[in-house]
Amino acid sequence: MKSPRNHRAYWAFLGHRLSGLALGIFLPAHFYVLGLALDQRARMDAFLKFADMGAVKFGEWGLVLLLSIHMCFGLRLLALELLPWSSIRDARLSWISWGGALSLFVGVIFALGVI
Amino acid sequence: MEQPLFALQRLSAMVMAPFVLVHLAVILYAVRGGLTAAEILSRTQGSWLWIPFYSLFVVSVAVHVPIGLRNILIEWARLSRGASSVFCLLFGLLLLWMGLRAVAAVGGFLS
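Chain order of the listed sequences is E and G. Mapping of the first sequence onto this note's numbering: residues 1 to 115, in sequence order. Mapping of the second sequence onto this note's numbering: residues 1001 to 1111, in sequence order.
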């Protein structure tokens, strides 16, 4: 029997939740680094230099991708919850593919910008 | 408790969606050719467009993130509703404080 979790909407739920969790954990570090501009500008520059390393840039790329995924899948949830359903099967599954494709596009633009 | 949090989560999401779109566009624009503190600050300090935009973004984030985290703690970590609520309230306050401090720093207040 096919697992009830093995469908696109479940993977979208998981992607939305895990991306949100990762972004939530990342935010304090993001705010801390920006806060360095207040009185430790040299340290902020040192961090930005560190962030220029390939591995860190790859992490940044991941975060941009996660932010885009979280927004796209979140918009689908809002549409599911707040907009009328034209039929009982109108789970807007195509939004998942479009959201994934748009996020990949954002990721490609980011990668082209930093390479 | 659950109903107002559910509504707040959706309302903050609706407020944030355009912020996230603009933020993504700013990231894609700003990272080209690398970043320096001076370059970032020259764009942001004293900007009356930038400061209210990111202040409101931070407030929305400080509402949205803790509610989502609370759901995860309750559903996946099996933490009690009370403990999850306290932890997430504190986390939200931390995000609000750190976020507004970051906006003040990058926006050129207090310097």
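Check before you lean on any hint, since a few could be wrong.
[To be verified] Here are a few chain G residues that face chain E, going by a calculated C-beta distance under 8 Å:
{"id": "1", "residue": "1010"}
{"id": "2", "residue": "1014"}
{"id": "3", "residue": "1024"}
{"id": "4", "residue": "1034"}
{"id": "5", "residue": "1036"}
{"id": "6", "residue": "1046"}
{"id": "7", "residue": "1049"}
{"id": "8", "residue": "1065"}
{"id": "9", "residue": "1089"}
{"id": "10", "residue": "1090"}
{"id": "11", "residue": "1094"}
Calculated from the structure, these hints are not laboratory results. Ideal Cβ placement from N, Cα and C applies to all residues, glycine included.
Tested hints:
no., hint, result
1, 1010, "holds, 6 Å"
2, 1014, "holds, 7 Å"
3, 1024, "holds, 6 Å"
4, 1034, "holds, 6 Å"
5, 1036, "holds, 6 Å"
6, 1046, "violated, 13 Å"
7, 1049, "violated, 17 Å"
8, 1065, "holds, 5 Å"
9, 1089, "violated, 14 Å"
10, 1090, "violated, 12 Å"
11, 1094, "holds, 7 Å"
Of the numbered hints given earlier, the model fails hints 6, 7, 9, 10; all others are met.
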